[in-house]
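J.: Take a look at the letters that make up each chain.
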Amino acid sequence: DAGVIQSPRHEVTEMGQEVTLRCKPISGHDYLFWYRQTMMRGLELLIYFNNNVPIDDSGMPEDRFSAKMPNASFSTLKIQPSEPRDSAVYFCASSSTGTSAYNEQFFGPGTRLTVL
Amino acid sequence: QKEVEQNSGPLSVPEGAIASLNCTYSDRGSQSFFWYRQYSGKSPELIMSIYSNGDKEDGRFTAQLNKASQYVSLLIRDSQPSDSATYLCAVKLRYSTLTFGKGTMLLVSP
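Residue numbers (the numbering used here), protein chains in the order written: chain A, 90 to 205; chain B, 59 to 168.
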């Protein structure tokens, strides 16, 4: 089975540009999570969806960040405008309440974002 | 505020030794606990989960949980150079998301 798919794998952009990160969760999974990882702050949850509905976006750093999940197989994380401090690795993860009551999460390969 | 604490390391052990990785958490309501392994430049990969007090063994890996002490550990027996990675501890309340520690880097020397 295919795992979580993310694109692009690497993104280099200039400050002020719009950045869109994409994620396809594992088929059948009903939870989708967006994380950001930096050396300083570790792995931080930005937002998560359940059945395509955003449940908690309290981790989104500011209004420049937005996320959507138009259907069960696709989600986007958008940064507009981007800033150098947004440079990080962004991970998408998915899980299913059908596998266990405790939602083991499976991570995608990540998108390494560099904002110059 | 939910917190998960890990020693950042690096923890250096020789090949064949036992590596012991530790994690403490602040929320007594935490109900499930996970260890993820992350190789440099790669994504976190789930290697162990534990839900009740005591030990859980899977191959060379043993997870230990002590809810009274709010402590979870991972033991790796017969450590191999391929075990060199960062190990992330994660905890979860019953109906909430995972909270991750910053991870412990493990270095296994041949």
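Among the hints, a few may not be true.
To be verified - Derived BS3-like pairs (lysine-lysine); straight-line CA-CA distance at most 25 Å:
1) Lys113/A <-> Lys167/A
2) Lys160/B <-> Lys100/B
3) Lys114/B <-> Lys160/B
4) Lys100/B <-> Lys113/A
5) Lys167/A <-> Lys100/B
If you are wondering where the hints come from, they were derived from the structure by calculation, not from laboratory data.
J.: Hints first: check each against the structure and report whether it holds.
T.: Verification of the supplied hints:
1. For the given pair, Lys113/A sits about 15 Å from Lys167/A by alpha-carbon distance, which is consistent with the 25 Å threshold.
2. Only pairs whose Cα atoms come within 25 Å are accepted, and Lys160/B paired with Lys100/B is accepted, the gap being roughly 15 Å.
3. For the given pair, Lys114/B sits about 23 Å from Lys160/B by alpha-carbon distance, which is consistent with the 25 Å threshold.
4. For the proposed pair Lys100/B and Lys113/A, the alpha carbon gap of about 18 Å is at most 25 Å, so the pair holds.
5. Only pairs whose Cα atoms come within 25 Å are accepted, and Lys167/A paired with Lys100/B is accepted, the gap being roughly 22 Å.
The structure is consistent with each of the numbered hints, conforming to all of them.
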